[in-house]
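From first to last, the protein sequence lines stand for chains P and A.
Under the working numbering, think of the first position of the first sequence as 1, with each following residue one higher.
Under the working numbering, think of the first position of the second sequence as 672, with each following residue one higher.
Hints may be right or wrong, so weigh each one.
As the list claims (entries may be wrong) - As a list, the in silico DSBU-like pairs of lysine-lysine whose alpha-carbon atoms are at most 30 Å apart:
no. : chain 1 : residue 1 : chain 2 : residue 2
1   : P       : Lys151    : P       : Lys162
2   : A       : Lys800    : A       : Lys785
3   : A       : Lys785    : P       : Lys604
4   : P       : Lys413    : P       : Lys288
5   : P       : Lys151    : P       : Lys65
6   : P       : Lys594    : P       : Lys557
7   : P       : Lys162    : P       : Lys288
8   : P       : Lys594    : P       : Lys666
9   : P       : Lys557    : A       : Lys800
10  : P       : Lys594    : A       : Lys800
11  : P       : Lys666    : A       : Lys800
12  : P       : Lys604    : P       : Lys666
Stated by the list, open to error - Listed next, the stretches of chain P that the computed footprint assigns to chain A, with coverage defined by at least 3 CB atoms under 8 Å from CB atoms of chain A:
no. : stretch
13  : 337 to 346
14  : 581 to 591
15  : 601 to 615
Calculated from the structure, these hints are not laboratory results.
Heads up, the beta-carbon is just placed ideally off N, CA and C, and yes, glycines get one too.
Each chain is listed here by its residues.
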Amino acid sequence: MNPQTSKNRRDFIKVSALAGGGMVLSMALASCADEVEETLLPTPLSESTATPNPDAILEPGLFVKIEGTGLVTVTIHKPDIGQGVRTAFAMILADELGADWGSIRVEQADADGRYGDQQTGGSGGVSDSYTLLRQAGATARMVLIAAGSQKLGVPAAECFAKDGSIIHAGSGEQLSFADVVDLAATLPLPGTDELQFKRPEAFSLVGTSPPLLEHQEMVTGRMAYASDLHVPEMLYAVLARSPVPHGELVSFDASEAELVEGVIAVLPAAGGVAVVGESSWAVMQGRKALDIVWDDGFFSGLNTEDVREEMAGRVVPEGWQPGQDAPGELSAVYEFPFFAHATQEPLCCVVHVQQDHCEVWAPTQIPADAAAIVATITGLARENIDLHIPMIGGGLGRRLYQDFVLEAVTVAKEFDVPVKLIWTREDDVQHDVYHPYSVHYVSAGLERLRFPRIRTARYERIPTGAWRAVTNIPEAFVRECFLDEMAVALDLDPLDIRRELHRQNMLPLIEKVAQETNWGSPLPAGRGRGIACHSTWDVTPVAQVAEVSVSPAGEVKVESVVCAIDPGLAVHPEMVKAQMEGGIVFGLSAVLGKAISFENGRVKQSNFHDYPLLRMDQMPEVEVHIVESGGLPTGVGEMGVPPIVPAVMNAIFDATGLRIRQIPVKPGDFM
Amino acid sequence: MAVFQIEVNGTFYEVTAQPETPLLWVLRENLGLTGTKYSCGIGQCGSCTVHLDDRAVRSCTVTIEDASQGAITTIEGLSSNGDHPLQRAWLDGQVPQCGYCQPGQLMQAAAFLKANPVATRAEIAQAMKVILCRCGTYQRILHAVEAVVAQGGGA
Chain P
1 MNPQTSKNRR
11 DFIKVSALAG
21 GGMVLSMALA
31 SCADEVEETL
41 LPTPLSESTA
51 TPNPDAILEP
61 GLFVKIEGTG
71 LVTVTIHKPD
81 IGQGVRTAFA
91 MILADELGAD
101 WGSIRVEQAD
111 ADGRYGDQQT
121 GGSGGVSDSY
131 TLLRQAGATA
141 RMVLIAAGSQ
151 KLGVPAAECF
161 AKDGSIIHAG
171 SGEQLSFADV
181 VDLAATLPLP
191 GTDELQFKRP
201 EAFSLVGTSP
211 PLLEHQEMVT
221 GRMAYASDLH
231 VPEMLYAVLA
241 RSPVPHGELV
251 SFDASEAELV
261 EGVIAVLPAA
271 GGVAVVGESS
281 WAVMQGRKAL
291 DIVWDDGFFS
301 GLNTEDVREE
311 MAGRVVPEGW
321 QPGQDAPGEL
331 SAVYEFPFFA
341 HATQEPLCCV
351 VHVQQDHCEV
361 WAPTQIPADA
371 AAIVATITGL
381 ARENIDLHIP
391 MIGGGLGRRL
401 YQDFVLEAVT
411 VAKEFDVPVK
421 LIWTREDDVQ
431 HDVYHPYSVH
441 YVSAGLERLR
451 FPRIRTARYE
461 RIPTGAWRAV
471 TNIPEAFVRE
481 CFLDEMAVAL
491 DLDPLDIRRE
501 LHRQNMLPLI
511 EKVAQETNWG
521 SPLPAGRGRG
531 IACHSTWDVT
541 PVAQVAEVSV
551 SPAGEVKVES
561 VVCAIDPGLA
571 VHPEMVKAQM
581 EGGIVFGLSA
591 VLGKAISFEN
601 GRVKQSNFHD
611 YPLLRMDQMP
621 EVEVHIVESG
631 GLPTGVGEMG
641 VPPIVPAVMN
651 AIFDATGLRI
661 RQIPVKPGDF
671 M
Chain A
672 MAVFQIEVNG
682 TFYEVTAQPE
692 TPLLWVLREN
702 LGLTGTKYSC
712 GIGQCGSCTV
722 HLDDRAVRSC
732 TVTIEDASQG
742 AITTIEGLSS
752 NGDHPLQRAW
762 LDGQVPQCGY
772 CQPGQLMQAA
782 AFLKANPVAT
792 RAEIAQAMKV
802 ILCRCGTYQR
812 ILHAVEAVVA
822 QGGGA
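With the hints as extra help, turn the sequences into a complete structure.
Structure below.
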């Protein structure tokens with residue numbers, strides 16, 4: 001929400017309150033609180049004389065705790081991987097509660113079935129939790145109002161909550177939350193069907209962009225990630241894994257490794273060989289000194305080129321040749337390679353297995369899955385496992401998979417002391433759960449304008465899985481690029497074919513990016529503009545226009561990106577914009593970086609020197625426009641990624657006349 | 672193993688380590704200064720950037736032996752209260768997402784601005800390209816550094 005919108009909303013509130021003021025007062029609705037306050041609050045406010053009891057605690061459910069000190073603690077039940085759920089969840093709850101934002105603290109919940117689904121994934125953090133958090137806020141507000149009105153001796157219906165106080169609308173008398181916590185803690189909670197919610201027009205936090213609660217710790221280096229944890233007596237571990245997917249350990253010689261200073265033990269574990277010792281550096285050196293014999297197994301001959309051929313064989317019609325379409329038909333083959341997640345913080349997990357108890361610090365996107373694995377490996381009952389979720393240095397889908405937790409607990413159960421299992425970047429790049437390789441055969445009849453048919457074959461026999469936006473990326477790449485191919489064949493403007501085919505909810509976004517980029521205006525030679533649209537998981541429409549320059553040597557620079565998103569309701573608009581910016585960078589790394597490739601079953605890349613990701617000197621100017629259609633928030637974490645790939649590839653076509661149907665782009669594509 | 676005396680954030684420490692141990696691991700595991708992050712281990716991503724004297728270096732590629740020759744500053748020592756102009760600009764610009772690379776970004780920017788207090792946008796991008804951010808916060812970093820330059824706070 002920009003200041004202009006904000007002001008309009010406040011104006012609207014005033015008008016509606018004046019029109020129906022008397023009626024508002026007679027309704028037992030805390031949700032009308034803002035209207036009451038705007039017009040009827042006498043000044044000056046009189047302070048009540050109640051004394052707060054600092055030891056009193058009100059805990060109306062799992063998500064919020066209000067103390068007699070005035071402190072309000074919001075429990076964050078989903079992992080924060082950098083998408084900002086800690087702040088966003090606290091805002092939603094605090095707004096509904098009428099709390100003072102300055103009194104809010106957050107606490108990350110452990111893995112606990114009582115919270116329901118704790119998964120961070122599918123861009124569902126805010127959308128899954130929005131109603132839950134508002135219910136929690138409304139429950140707390142109503143019981144605080146009940147207590148406050150009793151203490152003030154006025155009807156609850158005449159009171160509202162704002163900035164951490166219960167205020168009587170008629171007299172302006174007020175009590176702070178702290179003043180009423182002791183009484184509130186003794187009162188019955190309203191039932192879910194009795195809850196009254198704020199109207200969106202009355203939100204004071206939702207729709208604004210306060211500083212994120214985590215930022216101060218992040219810029220001072222005090223934020224503790226799993227990698228940073230130190231538990232007393234803790235040992236460090238790394239694992240040597242089969243270099244070929246699904247390969248098996250035959251034998252190993254640990255004699256050299258055991259001589260490395262600081263190495264304490266070498267043991268077979270989780271299909272590999274674990275080196276355990278006193279420091280990260282020691283165990284990394286110890287692993288280098290291992291002599292291991294592997295059985296490479298079935299995938300010893302795996303080569304990317306064979307994967308491509310096999311996938312093409314599944315979907316491309318026999319004898320198909322490019323450019324040989326029958327009149328009125330158009331077809332093409334697109335490819336999308338393996339990619340690795342490469343989260344900024346490599347995987348890591350700390351586990352302490354004791355006789356009848358296990359404590360785990362797991363930077364996972366699915367706490368329930370991680371806890372279930374710990375239970376299976378240790379044989380402990382679930383209630384004897386405490387699984388904590390630290391702040392996470394990037395998720396990108398990688399932490400939906402619990403292999404790193406399984407390994408850590410498998411090693412740790414051999415020791416009495418806590419063990420931190422770390423992954424090096426080489427481990428991460430070479431043992432990822434990759435975005436699967438896919439080949440797509442796409443075709444359309446040109447008689448009637450409609451979306452093309454796409455046949456997809458994905459290679460999923462090695463570990464593959466969710467990579468920020470998952471199938472949406474190749475889907476958008478193929479469809480949106482092929483739309484431009486159809487536009488060329490039909491002599492249509494790429495903008496017009498999208499106006500024609502995309503759903504109603506995409507159209508305002510198409511118009512927005514067209515207008516902001518002055519679509520159709522001439523560009524210098526070597527420059528091009530491309531548009532693409534995609535609604536990831538069919539919930540959040542996004543349109544993007546990219547402008548690129550291509551040098552005669554085939555170097556592509558993305559100069560600018562204009563993005564429009566309709567997230568329904570933007571809880572924290574700056575966070576929404578940041579997610580779009582980040583999604584665009586993620587997609588550009590795929591277009592302009594390198595893919596993961598296999599040779600004789602081994603991943604050829606190992607670190608950022610041969611798996612390069614976008615850098616600041618390659619960063620385009622990105623402009624994000626939020627076009628809210630209202631209603632509920634829909635999700636933003638992945639949505640910036642899918643459109644950027646086809647937008648850039650369409651811009652390259654616009655600049656060069658070359659249609660490139662696989663990424664990443666290479667100078668050779670322009671020969 | 673050998674004993675090294677190193678100066679970190681104005682404090683002298685005695686550390687027993689193999690001479691070839693990277694400074695990164697000494698900072699993190701011997702001294703408990705975990706603001707300096709591991710992410711690649713080969714000097715490619717810059718999450719581990721610290722100052723050796725006034726120079727920004729990748730602490731994963733500096734040995735403890737070499738580090739003992741100069742004064743080291745880590746993110747914990749960049750300012751006393753988290754109020755370095757760059758840290759304030761990072762907050763104002765709402766830069767971090769996961770936050771993991773940001774100590775390295777800040778240390779790189781601080782050393783760069785000290786040497787080039789009136790840097791242009793292109794110079795900033797060149798200087799900062801050595802620090803990877805997988806979340807993609809580059810535009811906000813760029814604007815935050817520019818804001819500090821504009822305020823004359825780069826020195």
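Verification of the hints:
no., hint, result
1, Lys151(P) to Lys162(P), "holds, 17 Å"
2, Lys800(A) to Lys785(A), "holds, 17 Å"
3, Lys785(A) to Lys604(P), "violated, 40 Å"
4, Lys413(P) to Lys288(P), "holds, 24 Å"
5, Lys151(P) to Lys65(P), "holds, 21 Å"
6, Lys594(P) to Lys557(P), "holds, 15 Å"
7, Lys162(P) to Lys288(P), "violated, 61 Å"
8, Lys594(P) to Lys666(P), "holds, 9 Å"
9, Lys557(P) to Lys800(A), "holds, 15 Å"
10, Lys594(P) to Lys800(A), "holds, 17 Å"
11, Lys666(P) to Lys800(A), "holds, 21 Å"
12, Lys604(P) to Lys666(P), "holds, 17 Å"
13, 337 to 346, "holds (count 5)"
14, 581 to 591, "holds (count 6)"
15, 601 to 615, "holds (count 6)"
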